[in-house]
Amino acid sequence: MSVKIKNFPGEELETKVIKEGKIPTERCRPKAKFAWSAGIAISRFLDELKNGKIIATTCSKCGRIMVPPRIYCEKCYAPTDGWAYVKDTGVVNTFSVSFLAADATRLKEPIIVAIINLDGASEGMGIVHRIEEVPDWKEVKIGMKVKAVWKPPRERTGSITDIKYFKLMRE
Amino acid sequence: MFGKKRVAIVGAGITLFRRNLKETGKELSYHASKMALDAAGLELRDIKSVVMGSAPDAFDGVHMKGEYLADGAGAYHKPYTRVFVGGGTGVFTPLAGWWHVASGQFDTCLVVCEEKMSSCYPHPQFAFTTIFDPILERPVGMNLVWIFALEMNRYMHRHNIKKEDIALVSVKNKRNALDNPIAQLAARITVEDVLNSEIMAWPVQRLDISPTSDGAAAVVLASEDVAKEVTDNPVWIDGVGWCIDSTQWTDRDLYYPDYVECAARMAYKMAGIKNPPKEIDLAEPYDPFDYKELHHMEGLLLCKKGEAPKLTKEGVTQRDGDLPTCPSGGLLGCGNPIAAAGLMKVSEIFWQLRGEAGKRQIRGDPRTGVAQAWGDLMQYGAVIVLRR
Amino acid sequence: MSLEKITNPLNARHWIGDMEADYVYTLGVAGERFFKELKEKGRIMGAKCPRCNTVFVPPRLYCEECFAKLDEWVEVGKEGAVHTFTIATIDIDGSKLEKPVTYALIKFEGVHGGIIHKIGETDKVTIGMKVKAVLKPPSERVASINDIKYFKPTE
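Chains as they are written, first to last, in the numbering used here: chain A, 1 to 171; chain B, 1001 to 1388; chain C, 2001 to 2155.
The set of hints was computed from the structure by calculation and includes no laboratory data.
Keep in mind that a hint or two might mislead.
[As the list claims (entries may be wrong)] Just so you have them, the derived chain B footprint on chain A, three or more residues with Cβ under 8 Å: (1) 52-59; (2) 88-97.
[As the list claims (entries may be wrong)] Below, in silico cross-link-like pairs of lysine-lysine (BS3-like), each with a Cα-Cα straight-line distance of 25 Å or less: (3) C:Lys2039 <-> A:Lys22; (4) B:Lys1078 <-> A:Lys145; (5) B:Lys1162 <-> A:Lys138; (6) B:Lys1078 <-> C:Lys2039; (7) C:Lys2041 <-> C:Lys2096; (8) C:Lys2132 <-> C:Lys2152; (9) A:Lys19 <-> A:Lys4; (10) C:Lys2036 <-> A:Lys22; (11) B:Lys1163 <-> A:Lys108; (12) C:Lys2039 <-> A:Lys33; (13) A:Lys138 <-> B:Lys1163; (14) C:Lys2130 <-> A:Lys19; (15) B:Lys1274 <-> B:Lys1305.
[To be verified] Going by beta-carbon spacing under 10 Å, a handful of chain C positions derived as facing chain A: (16) Thr2007; (17) Leu2010; (18) Ala2012; (19) Gly2031; (20) Ile2092; (21) Lys2107; (22) Val2142.
Don't be surprised by glycine CBs; every beta carbon is placed ideally from N, CA and C.
Using the sequences and the hints given, assemble the complete structure.
As structure tokens, this is what we get:
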């Protein structure tokens, strides 16, 4: 974008030209399957979720109660030295009302995703989850209290989705 | 002085930024690199080292993308490094180039940034979702736009900012881009247009976001002795800073980017800047979303926390204001080929300080500019201070 | 800390998933011309550097050595020689192939670079063996490297 340069290179193509195969292209879908190790801390976290409980790790140096749990405190750079249960209620730290699915397709009914600061964990500690049972999404505000809605015990598999969603605690 | 040698930018090159370009990544890298070399009056054999910056391999769909792009970036049989810090790459790459020259090891370094996002089908956004934790976050159905939306909401809430104020940034940058020959999305829009655009993930609407793009940019770095031989108008890299936060983004209060402040302080210390709003003449903060320009202006210490929307409303950040911000049109106006976008901002400061920015030229005698890029899972800050 | 030696990731506590992505690659400015020549005229082209005098196959937009733009294209012909080869017995997923397939790097006289492709119509392949490209009939070509069916030995 210097005035000294007159021509900027690049041959533009319209998306539909590519989609309709009007120019030659090569297509490839790599097969990439993964088995991600849950790790020490999250393995226990998932086990506890199956039991309907949320567990955190604690660091005695800085006093934080951390969820999701981890085996090292990244601030003190030392191993965490304890476990503690936190509640399945919390407060909405921030949220978004998404009309986009994970693959960018449009949704008629939005997904409400939020970071929830769980009661019992240190300030600011949050987990990501959905908020449901909200007839009008404009109702949701930062600071509202929420509670987890769990799957029945026999349907739980040891996954973050053992919590189906969080619902607003209306007074 | 930090480093053994002072380092200057002596030439810059750039391709068009478009949703789809026919050129392969190698060809894009070539075009930008050749243009930068020609601008500097140098040949490939004068280049002693090459640094490439390019964001995830998953966009171009080529594993070890840095290696793939190497010959297009003139790195044939040369010392070559590829760096990658997500969206922060575009400013981090010249920082890595700076290490090469400031250390005294190489007299020249060609810095290239390339992105070809159109290969990822049907939309590059899909490749992004793998940044989320596979066990705790992906099963919830995470979409990339959500993290911006969560951050924007928190920022608005904390400082009581309305969407109308944020939309002004999109209006400004798209309009600035009308004077940028490489821009993808230059347009004359209004705040109403932004507020009426499709809701993607509230509070993010369509006109709040920059698009995905293909494109490449390059700059040539030279040590002080070489720079003075090659040009009368070198632009010095006087400050560099970089910083990372954790990917445990759910632990943080998202209203303020601490890691940007951390990188900015490092760069300002090196450049001897004590009062950023007074000593900096123009800024190119990273603006993939309109609220991000405000978020980053505050992280760059160009104003107090929560004050950036006020400066925008008052016209301070317009091209003829006291602190022109994103005079290039930014990512909102030019497009967002991730790594190339950040280097585009660095090149804009380079051209502005030399008086070569044509219709985009800011008035007065700008001497000091700052460019910043932000990346990964909302965790990386890279800051560069350029001076004439 | 776990001291068990585990070689199969499925034996440790894990979460299964895949990285979903589809790719559509444009051939590039030089690439598109190379494949159009192959498809429409059935010929293999190279690009020549005016400064270094090197001819590149596959042809590219720029000389990687001196960075000159390559505008001069030359026909390289369909005959080359096997520079090296391998015999594949398993497929991309690790299952056994019905019949082994020989892949070779074929280089052309006086040309920098070469083409990787299959060797057909013979079971005996040696380094240095002279080979010739066998193309698909024009109606079946789509401007892809597979417009060449394989390389076969010339007598």
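To see whether the hints hold, each was checked on the structure:
1. 52-59: violated (count 0)
2. 88-97: It holds, with 5 qualifying residues against the three required.
3. C:Lys2039 <-> A:Lys22: holds, 15 Å
4. B:Lys1078 <-> A:Lys145: With a Cα-Cα distance of about 59 Å, the restraint between lysine 1078 (chain B) and lysine 145 (chain A) is violated, given a limit of 25 Å.
5. B:Lys1162 <-> A:Lys138: OK: lysine 1162 (chain B) and lysine 138 (chain A) at ~15 Å, within 25 Å.
6. B:Lys1078 <-> C:Lys2039: Outside the cut-off at roughly 36 Å; violated.
7. C:Lys2041 <-> C:Lys2096: violated, 37 Å
8. C:Lys2132 <-> C:Lys2152: holds, 5 Å
9. A:Lys19 <-> A:Lys4: violated, 37 Å
10. C:Lys2036 <-> A:Lys22: Roughly 13 Å separates the two Cα atoms, so the pair holds.
11. B:Lys1163 <-> A:Lys108: holds, 23 Å
12. C:Lys2039 <-> A:Lys33: Violated, because 35 Å separates the two Cα atoms, which is more than 25 Å.
13. A:Lys138 <-> B:Lys1163: OK: lysine 138 (chain A) and lysine 1163 (chain B) at ~15 Å, within 25 Å.
14. C:Lys2130 <-> A:Lys19: Since the Cα atoms of lysine 2130 (chain C) and lysine 19 (chain A) sit roughly 40 Å apart, the hinted pair is violated (cutoff 25 Å).
15. B:Lys1274 <-> B:Lys1305: holds, 18 Å
16. Thr2007: The hint is violated - threonine 2007 (chain C) has no Cβ within 10 Å of chain A, the shortest such distance being about 12 Å.
17. Leu2010: holds, 5 Å
18. Ala2012: holds, 5 Å
19. Gly2031: Where the cut-off is 10 Å and the nearest Cβ of chain A is about 9 Å from glycine 2031 (chain C), the hint holds.
20. Ile2092: Holds: closest Cβ of chain A sits about 8 Å from isoleucine 2092 (chain C), inside 10 Å.
21. Lys2107: Constraint on lysine 2107 (chain C) not satisfied, violated at 23 Å.
22. Val2142: holds, 7 Å
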